[in-house]
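Visitor: Below, each chain spelled out in residue letters.
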Amino acid sequence: MTKLTFLNARIVDPETNEINIGGLVVEDGRITKHLPKDAPRLTSGRVIDCHLKYLAPGIVDLGVKVCEPGDRHKESYRSAGQAAAAGGITTMVTRPDTEPAIDSPETLEFVTRRANEVAPVNVLPMAALTKGREGREMTEIGFLMDAGAVAFTDCDRVVTDTKVLSRALTYARSLDALVIAHPQDPGLSRGAAATSGKFASLRGLPAVSPMAERMALDRDIALIEMTGARYHADQITCARALPALERAKANGLDITAGTSIHHLTLNALDVADYRTFFKLKPPLRDEQDRLAVAEAVKNGLIDVISSMHTPQDEESKRLPFEEAASGAVALETLLPAAMRLYHAGLIDLPTLWRAMSLNPAKRLGLESGRLHVGSPADLVLFDPDVPFLMDRATLRSKSRNTPFDGARMQGKVLATYVAGTCVYETS
Amino acid sequence: MTFPHRHLLGIEALRPEEITTLLDLADTYAALNRQPDKHADALAGLTQINMFFENSTRTQASFEIAGKRLGADVMNMAMQASSVKKGETLIDTALTLNAMHPDLLVVRHPHSGAVDLLAQKVNCAVLNAGDGRHEHPTQALLDALTIRRAKGRLHRLSIAICGDIAHSRVARSNIMLLGKMENRLRLIGPPTLMPSGIAEFGVEVFDSMEDGLKDVDVVMMLRLQKERMDGGFIPSEREYYHRYGLDAEKLKHAKPDAIVMHPGPMNRGVEIDGTLADDINRSVIQDQVEMGVAVRMATMDLLAQNLRLTRAEPA
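Residue numbers (the working numbering), protein chains in the order written: chain B, 1 to 427; chain R, 428 to 742.
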């Protein structure tokens with residue numbers, strides 16, 4: 001029986017919404033006991049003095065792109081797993097938008113095998129909702145669930161045919177499967193590289209109104225009302241979409257929503273002189289939208305913060321802005337970026353961990369994301385205050401397309417534990 | 428230094444006094460260009476490469492003549508026909524050319540920001556000859572020079588820009604330049620061809636020519652691209668001409684001495700009446716072409732002076 005004791009930690013508990021000084025005892029990968037502030041030193045097993053640093057549940061990151069199969073040179077399960085561990089992420093929920101898409105039990109098994117072989121953190125795969133993510137025929141949702149798929153999503157492709165989507169939602173409902181969608185009206189957002197407004201017009205970039213997000217969310221809400229499906233919107237990024245989400249929740253629909261760490265910490269002006277590392281999907285929004293979305297995370301309307309980790313190689317980013325690929329890596333920068341929200345006084349630590357850990361775990365039916373006795377000992381020890389200059393060359397991801405390169409950041413992961421085993425420690 | 432810029436990527440980075448410096452120099456070149464002997468040696472020994480990733484006859488010819496009159500070795504590269512077709516990226520193309528030690532690169536590209544990107548990768552002076560819908564600085568400068576010569580000043584004028592503002596780099600550069608020089612700007616066009624957030628640019632926006640042209644000193648027409656005419660942005664060519672095409676009737680709303688401008692090439696009978704375009708009492712369209720060469724000579728002269736200064740400095 002392995003035993004591990006954490007002492008003298010500030011324990012961030014998203015369930016109780018409290019930060020208390022104390023300790024935790026971990027035995028055989030699970031939390032078995034909470035210790036008070038001045039507990040006597042135990043002699044059995046390994047003891048870690050946290051020196052009043054913060055101990056929280058490991059992050060459950062919903063929507064990580066690992067580029068296997070297809071583009072292993074951009075990101076492999078090994079590199080993504082190491083980056084996740086260094087970022088305090090103990091569970092990666094991976095996206096099926098690979099080449100080919102994860103849309104059959106066979107491809108899903110390949111992913112699961114690769115992940116188990118080389119990734120030091122938990123990996124839970126999602127599968128496509130429609131075959132080839134083409135929006136025409138639903139995938140084998142039942143078989144895929146048996147093979148371990150935790151949710152179904154066509155990622156950034158929107159199922160435009162409402163008949164196809166309503167059937168997929170109805171079928172998913174019968175299996176109690178979670179469907180994740182990308183609310184973005186495909187017609188209105190076609191060809192867009194930026195959010196419409198003064199900045200996009202000045203830079204001469206094709207742009208989309210944030211209304212495209214609300215329109216697609218409205219449509220999806222009608223379909224959930226019709227089918228009763230379990231639904232999660234991957235990224236809600238603008239103020240205009242929030243009232244619709246609020247009404248849907250108030251009406252008792254089984255709906256949750258996420259947002260990306262980039263939309264919470266950056267805005268459209270950060271693109272500046274066509275910096276393609278800031279090209280995201282959906283595009284970065286106005287500052288008012290950013291603040292409205294942060295407020296929605298704070299009050300719980302938006303449930304989940306994700307990294308939306310999307311590796312892109314140099315070639316696909318070193319292009320004119322319109323032609324460059326979208327997306328940013330974020331496994332290692334999620335926690336320090338989230339600390340910007342904490343230091344700015346926008347969102348406190350327990351609320352951040354509710355959105356980064358407890359809520360995604362709950363939504364996927366996982367035991368993690370919590371600290372009560374019996375929970376898996378997936379933990380992150382961090383210091384929210386330590387300042388550093390972000391250098392993308394230090395990232396563990398194979399792709400280093402981070403918008404935070406050269407940025408001043410605060411907050412570092414000190415150690416990460418998965419089921420009581422240390423998978424990362426700062427030197 | 429009166430013009431402290433390494434490149435000319437847009438009007439955005441220029442200050443009003445720098446614009447004046449440039450236009451003053453362009454005036455002297457306009458005079459030179461009317462002499463029988465049109466040669467100067469400001470660019471002697473320098474190599475100018477025109478890289479056009481998008482078709483252009485007029486702008487490319489204008490830059491070529493400007494370079495040759497100043498004594499540069501000028502080379503034209505039709506980028507659509509060359510390595511771009513073979514899959515070479517913009518940056519690789521830039522690095523390849525850079526290795527041949529050009530001094531002035533004149534670049535046109537269909538994507539906004541592409542010329543900025545290229546300028547980061549080369550160590551010569553880069554002139555933006557139009558990038559996507561972003562900027563076309565020499566066009567705005569030649570328009571400014573034309574206005575200044577016709578009106579005797581480049582401030583406190585009421586200027587209307589009419590047509591497809593949304594897709595026009597000429598409009599953006601002109602809005603910036605004329606705004607910097609403290610003119611009153613009125614944008615006229617169908618709302619489908621107006622960029623979003625335009626009201627924040629410090630301009631007045633109209634969707635009727637009659638209202639918009641009221642008492643203006645200058646009417647700038649924009650070219651309507653053929654591909655925008657087929658029901659996507661406007662219902663039809665003939666309805667557009669009826670509502671937004673400039674003719675003598677609509678021009679009556681402007682000041683009696685208002686001048687008519689067009690960056691060319693014109694679609695006669697779509698955005699402008701042919702007779703009006705040829706009316707030497709109103710139209711300054713041919714002057715714009717003439718000033719184009721002068722402005723491009725001035726721009727390259729100033730950038731070359733900076734280039735020589737930088738190179739003379741000990742490393």
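These are computed hints drawn from the structure, not numbers from a lab. Note that the coordinates shown come from a computational prediction; the quantities given were computed from them, not determined experimentally. Don't be surprised by glycine CBs; every beta carbon is placed ideally from N, CA and C. A hint or two may mislead.
Stated by the list, open to error - Facing chain B, a subset of chain R residues (Cβ under 8 Å, in silico):
(1) L517
(2) T520
(3) T523
(4) A526
(5) A541
Unchecked claim - Below, a sample of chain B positions facing chain R; criterion: calculated Cβ distance under 8 Å:
(6) S196
(7) G197
(8) D273
(9) K317
(10) L319
(11) F321
(12) A325
To be verified - Straight-line distance between alpha carbons at most 16 Å, and here's what the computed EDC-like set of lysine to aspartate or glutamate pairs gives:
(13) B:K53 to B:E18
(14) B:K281 to B:D270
(15) R:K465 to R:E717
(16) R:K578 to R:E654
(17) R:K548 to B:E295
(18) R:K548 to B:D270
(19) B:K3 to B:E27
(20) R:K682 to R:E717
(21) B:K37 to B:E27
(22) B:K317 to R:E631
(23) B:K317 to R:E439
(24) B:K317 to B:D273
(25) R:K641 to R:E666
(26) B:K198 to B:E314
(27) B:K198 to R:D519
(28) R:K578 to R:D674
(29) B:K249 to B:D218
(30) R:K548 to B:D273
(31) B:K198 to R:E627
(32) B:K362 to B:E27
(33) B:K198 to B:E315
(34) R:K679 to R:D700
(35) B:K198 to R:D674
(36) R:K578 to R:E609
Visitor: Among all the numbered hints in the text so far, which are the ones the structure does not match?
Guide: 2, 3, 4, 9, 12, 16, 17, 18, 20, 21, 22, 23, 25, 26, 27, 28, 32, 33 and 35
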